[in-house]
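Engineer: One-letter residues, chain by chain:
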Amino acid sequence: MVDFGFNIKKARSFNLTTSDLTKASELLERVPSYRLCISCGGCTATCSARQFTNFDIRKVHNSFRRGLYSGLDKELHKCMLCGKCTLVCPRGVNLRSLIINMRQILDSRTETL
Amino acid sequence: MANFHPFVLPFVFGTVALFVICGYKYVRWIKQFDEEQKRVIRKNIFSTKILPAIWEMFCECLLHLRISKKNRRLGYMHRSIAFGWFLLIVFGAVESRLGIKGPFHFWCAIFYRFFHHNPPANSTEFFFTQLMDLLLLYVLSGLFLALLKKIHSRILGMRRTTRHTKMDIACKVSLWAIFPLRLLSESVTARLYGNGGFLTQTIGDLFGRNAATFLEMPLWSLYSLALCIFFLMFPFTRYMHIFAEVFLIYFRKIGVREGEKLSGYTKYELSACSRCGMCIDGCPLYNELDINDVQSVYLLRNMRNLEHKMDLEKAAANCLMCHRCAEDCPVDLDLMNIRRISRDKGDLDFSDGYRYLDKVSGFNAVGRVVYFGGCMSQLTPSITAAMKEVFNAAGQKYWHIDENRSICCGRPLLQQGFNNQAASLRAENTRLIAESHAVALVTSCPICYHSFKDEYDLPIPVYHHTEYIDMLMKSGRLSTDKCNESFTYHDPCELGRGSGIYKQPRDILGAIGELRQIAKEGDESLCCGMNLGNTVLSKDEQTRLRDAALSVLTEPAPDVVVTACPMCKKAFNHGTKVNVKDIAEIVAENLNHTK
Numbered sequence: 000m001v002d003f004g005f006n007i008k009k010a011r012s013f014n015l016t017t018s019d020l021t022k023a024s025e026l027l028e029r030v031p032s033y034r035l036c037i038s039c040g041g042c043t044a045t046c047s048a049r050q051f052t053n054f055d056i057r058k059v060h061n062s063f064r065r066g067l068y069s070g071l072d073k074e075l076h077k078c079m080l081c082g083k084c085t086l087v088c089p090r091g092v093n094l095r096s097l098i099i100n101m102r103q104i105l106d107s108r109t110e111t112l
Numbered sequence: 000m001a002n003f004h005p006f007v008l009p010f011v012f013g014t015v016a017l018f019v020i021c022g023y024k025y026v027r028w029i030k031q032f033d034e035e036q037k038r039v040i041r042k043n044i045f046s047t048k049i050l051p052a053i054w055e056m057f058c059e060c061l062l063h064l065r066i067s068k069k070n071r072r073l074g075y076m077h078r079s080i081a082f083g084w085f086l087l088i089v090f091g092a093v094e095s096r097l098g099i100k101g102p103f104h105f106w107c108a109i110f111y112r113f114f115h116h117n118p119p120a121n122s123t124e125f126f127f128t129q130l131m132d133l134l135l136l137y138v139l140s141g142l143f144l145a146l147l148k149k150i151h152s153r154i155l156g157m158r159r160t161t162r163h164t165k166m167d168i169a170c171k172v173s174l175w176a177i178f179p180l181r182l183l184s185e186s187v188t189a190r191l192y193g194n195g196g197f198l199t200q201t202i203g204d205l206f207g208r209n210a211a212t213f214l215e216m217p218l219w220s221l222y223s224l225a226l227c228i229f230f231l232m233f234p235f236t237r238y239m240h241i242f243a244e245v246f247l248i249y250f251r252k253i254g255v256r257e258g259e260k261l262s263g264y265t266k267y268e269l270s271a272c273s274r275c276g277m278c279i280d281g282c283p284l285y286n287e288l289d290i291n292d293v294q295s296v297y298l299l300r301n302m303r304n305l306e307h308k309m310d311l312e313k314a315a316a317n318c319l320m321c322h323r324c325a326e327d328c329p330v331d332l333d334l335m336n337i338r339r340i341s342r343d344k345g346d347l348d349f350s351d352g353y354r355y356l357d358k359v360s361g362f363n364a365v366g367r368v369v370y371f372g373g374c375m376s377q378l379t380p381s382i383t384a385a386m387k388e389v390f391n392a393a394g395q396k397y398w399h400i401d402e403n404r405s406i407c408c409g410r411p412l413l414q415q416g417f418n419n420q421a422a423s424l425r426a427e428n429t430r431l432i433a434e435s436h437a438v439a440l441v442t443s444c445p446i447c448y449h450s451f452k453d454e455y456d457l458p459i460p461v462y463h464h465t466e467y468i469d470m471l472m473k474s475g476r477l478s479t480d481k482c483n484e485s486f487t488y489h490d491p492c493e494l495g496r497g498s499g500i501y502k503q504p505r506d507i508l509g510a511i512g513e514l515r516q517i518a519k520e521g522d523e524s525l526c527c528g529m530n531l532g533n534t535v536l537s538k539d540e541q542t543r544l545r546d547a548a549l550s551v552l553t554e555p556a557p558d559v560v561v562t563a564c565p566m567c568k569k570a571f572n573h574g575t576k577v578n579v580k581d582i583a584e585i586v587a588e589n590l591n592h593t594k
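Here the protein sequences come in this chain order: L and U.
Residue 107 in numbering that gives the first Met the number 0 sits at position 108 of the first sequence; the count goes up by one each step and never skips.
Residue 54 in numbering that gives the first Met the number 0 sits at position 55 of the second sequence; the count goes up by one each step and never skips.
Hints were generated in silico from the structure; no laboratory data involved.
Values in this document were obtained by computation on a predicted structure and should not be read as measured data.
No residue lacks a Cβ here, since even glycine has one placed at the ideal position from N, Cα and C.
Check before you lean on any hint, since a few could be wrong.
Claimed, not checked - Some chain L residues judged to face chain U by a derived CB distance under 7 Å, without partners named:
1. Ser-47
2. Thr-52
3. Asp-55
4. Lys-77
5. Gly-82
6. Lys-83
7. Arg-95
8. Arg-102
Claimed, not checked - Below 27 Å or equal to it, Euclidean Cα-Cα: the simulated DSS-like pairs (lysine-lysine) are:
9. U:Lys-37 / U:Lys-48
10. U:Lys-344 / L:Lys-22
11. U:Lys-165 / U:Lys-149
12. U:Lys-538 / L:Lys-22
13. U:Lys-42 / U:Lys-260
14. L:Lys-8 / L:Lys-58
15. L:Lys-73 / U:Lys-37
16. L:Lys-22 / U:Lys-313
17. U:Lys-344 / L:Lys-73
18. L:Lys-58 / U:Lys-260
19. U:Lys-344 / L:Lys-58
20. U:Lys-538 / L:Lys-58
Said to hold, decoys possible - Just a sample of chain U residues kept apart from chain L, beta carbon distances all over 12 Å, derived:
21. Tyr-23
22. Lys-171
23. Glu-484
Taking the hints into account, I'd like the entire structure generated from these sequences.
Structural biologist: Written out as structure tokens, the structure reads:
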């Protein structure tokens with residue numbers, strides 16, 4: 000296959016009706032500006048952590064929003080909290096707050112289990 | 000029993016309880032110091048630094064010079080109550096030692112006039128009698144100002160004062176009752192025995208003999224009771240600062256510093272806060288956004304009283320960390336570090352996530368300068384481009400360490416309470432910089448600068464680009480042309496209040512164009528609203544903070560608003576029609592290449 004310098008991700012499927020969205024709605028409550036997100040990916044494009052690894056913040060918060068929490072806590076600890084994503088976001092989503100809150104919510108989830 | 004009367008019992012009980020409770024607390028806190036702090040104490044406990052410590056205790060705990068410098072009336076109020084009361088106790092002790100016949104008990108010093116009825120017999124006694132009245136008047140004058148402040152705080156130069164807890168208010172009332180009660184009880188005794196000074200005798204003579212006889216015991220009892228109530232509440236209220244500050248000054252002078260986590264030292268700091276509320280008036284969150292429950296005074300109170308745990312989290316998170324309150328604090332508390340400690344993320348703070356950085360390879364930069372633009376500078380390429388021009392013009396070889404890939408300095412994590420994570424980023428940066436064998440580090444971002452300067456332990460000098468350019472210009476390695484533009488300069492929080500760099504940028508701008516004065520500059524500079532210390536503010540709130548800062552900056556109609564922080568530049572850029580530039584850009588535009 001010709002290498003174009005990028006590849007197409009395989010299609011994923013998940014069932015939103017069976018997902019546990021309690022944590023996701025808690026996140027939206029804690030960070031209301033996240034409702035404005037249009038998943039443009041500006042955050043991922045500018046991400047400092049992304050410059051070193053395949054960390055993809057858009058994928059992380061989108062997964063969180065859909066109730067696909069597994070593995071996210073480890074992933075989130077790659078973020079250096081530098082704040083570039085917050086600065087570039089065209090919708091004014093407070094991403095640093097979003098990231099800290101995702102970490103906190105995922106942590107409290109493991110505590111209650 | 001000679002020189003005893005049952006009315007002294009409340010006072011005796013209160014005093015003993017006060018010293019027992021305080022002693023217990025202080026010893027427990029010292030045990031809670033962290034290892035590094037204990038090491039410093041063991042090393043310096045009897046060092047010569049004790050002398051300056053005692054001097055500072057005298058100047059600050061008694062004379063309140065720092066408050067006086069900012070506001071003379073407020074300084075007088077605090078000084079008259081603190082220093083006046085202190086002298087009352089000291090001279091009262093001396094006077095009673097000289098005058099008391101028979102067994103001497105410590106309460107004799109406090110209730111001397113009750114136990115010594117003879118009018119002054121010689122000039123020494125006469126001197127002390129008048130002196131004690133004068134001192135009491137001094138304290139009462141301070142009390143009068145405190146009352147005025149309660150009614151209308153602006154008279155004493157404070158726009159806002161602290162909202163106190165019920166406990167604090169109760170304790171204050173008992174404190175305020177002490178001195179008028181002392182005045183009255185000494186006066187009625189003076190009426191009966193003629194042993195008063197110019198104040199107590201005059202007031203005493205207003206009473207009839209029967210009234211004085213009738214009032215004497217109740218007044219002395221109330222005086223003793225007021226002292227008792229004040230002493231009993233003292234260790235659980237803001238008045239704990241009276242003793243805690245003394246210890247804090249000692250620890251600070253012998254070199255103890257705030258640790259990573261909440262320690263015994265932090266507890267001394269929390270207790271040393273008098274809740275005077277001087278941190279409130281400067282706070283941009285209050286001034287622009289009417290947020291009135293997150294200021295340092297409330298944070299520290301919530302940290303002390305852990306029953307306010309929810310309030311604590313809320314207060315802890317919502318702060319710009321602009322250092323403004325730390326600048327205003329009359330006790331000079333390390334408010335930014337206390338704020339950081341209050342945000343400690345505990346279990347969330349594990350640093351395994353950054354393993355990917357281990358593989359970042361270094362660069363051999365012998366003899367070069369490491370240029371650390373900082374994450375934000377990646378979004379303001381004009382600043383990095385300008386710095387490169389400056390390096391080239393000065394003939395300085397450099398290594399732009401984060402040209403393509405930037406490892407964050409760690410300060411944003413630290414500010415949010417992720418200590419271990421921040422430490423692992425610092426370790427990576429330290430490794431890269433040490434391996435490069437560079438001669439100096441220059442950064443364009445005040446956040447990084449503050450971090451490299453204070454939190455790293457680098458073997459090479461660290462400069463912010465304002466410092467560095469100023470050095471180059473003054474040593475003649477860089478020369479600029481004069482232009483006819485006018486500037487106003489915005490002090491970024493982390494560069495000005497955070498790192499104390501005010502002069503260099505002004506020298507540079509003054510050499511290039513006309514620098515215009517603005518209303519709030521230097522340590523009063525307003526935050527641009529985007530400080531990374533805050534993760535709670537909405538975009539709208541940040542914009543209001545930005546506009547407040549911009550209105551001050553654009554007021555003298557400059558051609559260019561100049562700042563020295565990529566974040567501030569980003570914040571201001573969209574808020575005004577006036578050009579906003581970084582100081583490095585100004586220098587690069589006006590370089591003189593002929594020399």
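Engineer: Closer than 7 Å between Cβ atoms is the bar; does L:Asp-55 clear it against chain U? Give me holds or violated.
Structural biologist: violated, 13 Å
Engineer: Do the alpha carbons of U:Lys-344 and L:Lys-73 lie within 27 Å of each other, as the hint requires?
Structural biologist: holds, 16 Å
Engineer: Given the hint that U:Lys-344 pairs with L:Lys-58, test it: the Cα-Cα distance must not exceed 27 Å.
Structural biologist: Holds, because 24 Å separates the two Cα atoms, which is no more than 27 Å.
Engineer: Quick one, is the L:Gly-82 hint okay against chain U at 7 Å, beta carbons?
Structural biologist: holds, 5 Å
Engineer: Would the stated hint for L:Arg-95 survive a check requiring a Cβ distance to chain U of less than 7 Å?
Structural biologist: Holds - the Cβ of L:Arg-95 comes within 7 Å of chain U, reaching about 5 Å at its closest.
Engineer: Classify the hint on L:Thr-52 as holds or violated, based on whether any CB of chain U lies nearer than 7 Å to its CB.
Structural biologist: holds, 4 Å
Engineer: Are the Cα atoms of U:Lys-37 and U:Lys-48 separated by 27 Å or less?
Structural biologist: holds, 16 Å
Engineer: Next item in the hint list is L:Ser-47. Is there a CB on chain U closer than 7 Å to its CB?
Structural biologist: Because about 5 Å separates L:Ser-47 from the closest Cβ in chain U, which is inside the 7 Å limit, the hint holds.
Engineer: Are the Cα positions of U:Lys-344 and L:Lys-22 separated by 27 Å at most?
Structural biologist: Given that 27 Å is the threshold and the Cα spacing comes to 19 Å, the pair holds.
Engineer: Under the criterion that the straight-line Cα-Cα distance not exceed 27 Å, is the pair L:Lys-58, U:Lys-260 satisfied?
Structural biologist: The given pair, whose Cα atoms are some 33 Å apart, is violated under the 27 Å limit.
Engineer: Taking the closest Cβ pair, is L:Lys-77 under 7 Å from chain U?
Structural biologist: holds, 5 Å
Engineer: Is L:Lys-22 close enough to U:Lys-313, meaning Cα to Cα at most 27 Å?
Structural biologist: Between L:Lys-22 and U:Lys-313 the Cα gap is close to 20 Å, so the pair holds against 27 Å.
Hints 3, 15, 18 from the list above are not met by this structure, while the remaining hints are.
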